[in-house]
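From first to last, the protein sequence lines stand for chains A and B.
The first sequence begins at 46 in the working numbering and counts up one residue at a time.
The second sequence begins at 7 in the working numbering and counts up one residue at a time.
Do not rely on the hints blindly, as some may be mistaken.
Quick list of simulated restraints, FRET-style, between CB atoms [claimed, not checked]:
hint, chain 1, residue 1, chain 2, residue 2, range
1, B, L45, A, D141, 25 to 33 Å
2, B, S64, A, A156, 44 to 52 Å
3, B, G46, A, D62, 30 to 38 Å
4, A, A123, B, Q47, 24 to 32 Å
Reference listing, derived: stretches of chain A covered by chain B, where coverage requires no fewer than 3 residues with Cβ under 8 Å from a Cβ of chain B [said to hold, decoys possible]:
hint, region
5, 86 to 92
6, 143 to 156
If you want the footprint, here are the derived chain B segments under chain A, 3+ residues with CB under 8 Å [to be verified]:
hint, region
7, 19 to 32
8, 54 to 63
Source of the hints: derived by calculation from the structure; they are not laboratory data.
Using N, Cα and C, we set each Cβ at its ideal position, and we do this for glycine too.
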Amino acid sequence: GESVGLHLPTLSVQEGDNSIINCAYSNSASDYFIWYKQESGKGPQFIIDIRSNMDKRQGQRVTVLLNKTVKHLSLQIAATQPGDSAVYFCAENDNDYKLSFGAGTTVTVRA
Amino acid sequence: GAGVSQSPSNKVTEKGKDVELRCDPISGHTALYWYRQSLGQGLEFLIYFQGNSAPDKSGLPSDRFSAERTGGSVSTLTIQRTQQEDSAVYLCASSFQGAGGYEQYFGPGTRLTVT
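Please put together the full structure from these sequences, using the hints given.
Right under this line is the structure:
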């Protein structure tokens, strides 16, 4: 079946370094993608989204890259801070109402 | 403004009992979603409402699960005769419209523990 997944379940990064979180998707019909951040005991929080007609989008300290050729999505966090420690999920939407989520990557920031 | 709220935040129940979980979406959001998140896992889609109608109930795990939405606002997820495998965090989300390409805003979730 089709699924959204993340390459690595955990990522440890030194404070101040840049982080890269990867995600592979398999539904070629997906045209909208979202990155969510989930802190312990909280619901997922929107970080950034991108539509399939783009290959890059930047936000505050975050950049999402989309490679439709290889169905790959990545989230880059610049100058990672302790508050960035969380589980990060990518989600895809194929122009329907349903979001499909991967299992998530746990990011731990080392002081 | 106010975000999505859910209640209770935690619920412990005995196996076989019924539970009701409540979701208050963001005002004006026509679409409402329920997801289930087991420990260390991603989000599993349960049901989607557009207004008060649920065009897709395909994610509900069994007929013990039901949900309703009234007034295009509050939604209740009911689990009858709870089982231990129902233990999870139940997340509610709402979005401006149900069509694709609209951000879903999540509530904090209800952590359900069935003993």
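Practice task
Mind listing which of the numbered hints don't hold for this structure, in increasing order?
Solution key: The structure conflicts with hints 3 and 7, although it agrees with all the remaining ones.
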